[in-house]
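Now for the letters of each chain:
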Amino acid sequence: MRLLPFSVFVVSENSMLPAYVPGDHVVTFNWGAVGCGDVIVFTGLNPDRCYVKRISKIAGGKIFVAGDNKKQTAKMLSVSFDRVVGKVVWKY
Amino acid sequence: MKFLRSLDFIVRPRIALAHCDIPCGIYETNTLLMAAATISRMVEILEELPMGKPSLKDRNNFIRCVHVKEKHASLCEEQLVTLWADFFKAEHFEKWPDLHDKFWKAVNLSSDNKLEVSAEKAKQLLLACQEIDGIFKQVKVEPKKNMAGAISDNPAAPQKKVLGK
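In order, the protein sequences belong to chains A and B.
Heads up: the first sequence runs through residues -19 to 72, numbered per the working numbering.
Heads up: the second sequence runs through residues 7 to 171, numbered per the working numbering.
All clues stand as given, with none of them false.
As a list, the in silico DSS-like pairs of lysine-lysine whose alpha-carbon atoms are at most 25 Å apart:
| id | chain 1 | residue 1 | chain 2 | residue 2 |
| --- | --- | --- | --- | --- |
| 1 | B | K143 | B | K108 |
| 2 | B | K63 | B | K77 |
| 3 | A | K37 | B | K95 |
| 4 | B | K108 | A | K42 |
| 5 | B | K129 | B | K111 |
| 6 | A | K67 | B | K8 |
| 7 | A | K42 | B | K95 |
| 8 | B | K108 | B | K146 |
| 9 | B | K129 | B | K108 |
| 10 | A | K71 | B | K8 |
| 11 | B | K129 | B | K143 |
| 12 | A | K37 | A | K67 |
| 13 | B | K77 | B | K129 |
| 14 | B | K63 | B | K120 |
| 15 | A | K42 | B | K111 |
| 16 | B | K101 | A | K42 |
| 17 | B | K101 | B | K111 |
The set of hints was computed from the structure by calculation and includes no laboratory data.
Quick caveat, the model's predicted, so the values are computed rather than measured.
Based on the provided sequences and hints, a complete structural model is requested.
Here it is as structure tokens:
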């Protein structure tokens, strides 16, 4: 469980276009559940790196995420629940 | 909104990568093997440096070797994750049921080699990368003629002119 209820991130790169452009600031809520269609921030194998993607499906105890920009994102990645930082709830 | 963003100096936002992961279809293991071999060599050099009363030159070399070891361990990890997530597909994991485990162990060995100066861990990492390379070579498609040096797993990858030739 994350210590803080909210976190702030800056989006980098293009695979979440058009919903999120590089430079967009997003706020995540870290204490709630996530579901299909939610945009989440999660850590990679290196916990210092965070990624932002949309949940495509949840199956077998794993979350499958993909980018919105289908011209540049061709596949889904699987993420375990313990790597989820939070759900994006606000953009500014 | 600009006002809120101007508060970045108070609440520093972290970067969330919306990674493009364009499936260009070009993958190779040379970088991975080079990185693993470099780690081994750095550990050899570090173990040869004098520990008692090192000269300024020895201390300089020590720092440089640790820096190179760290950098190549990170590179190794990055290359492993790219191959794991992007190159190998579901059918490959079915054909080689221990492939996930091989990658997981190799990635952990990359981290271990950052934390430690150990000839044994460096050797284990090199062997782990060589095993993965062996499987990679069984899977890869032969490169197209005008993309010399590139290894593509996508036979439909567009043919590109090599600049200057």
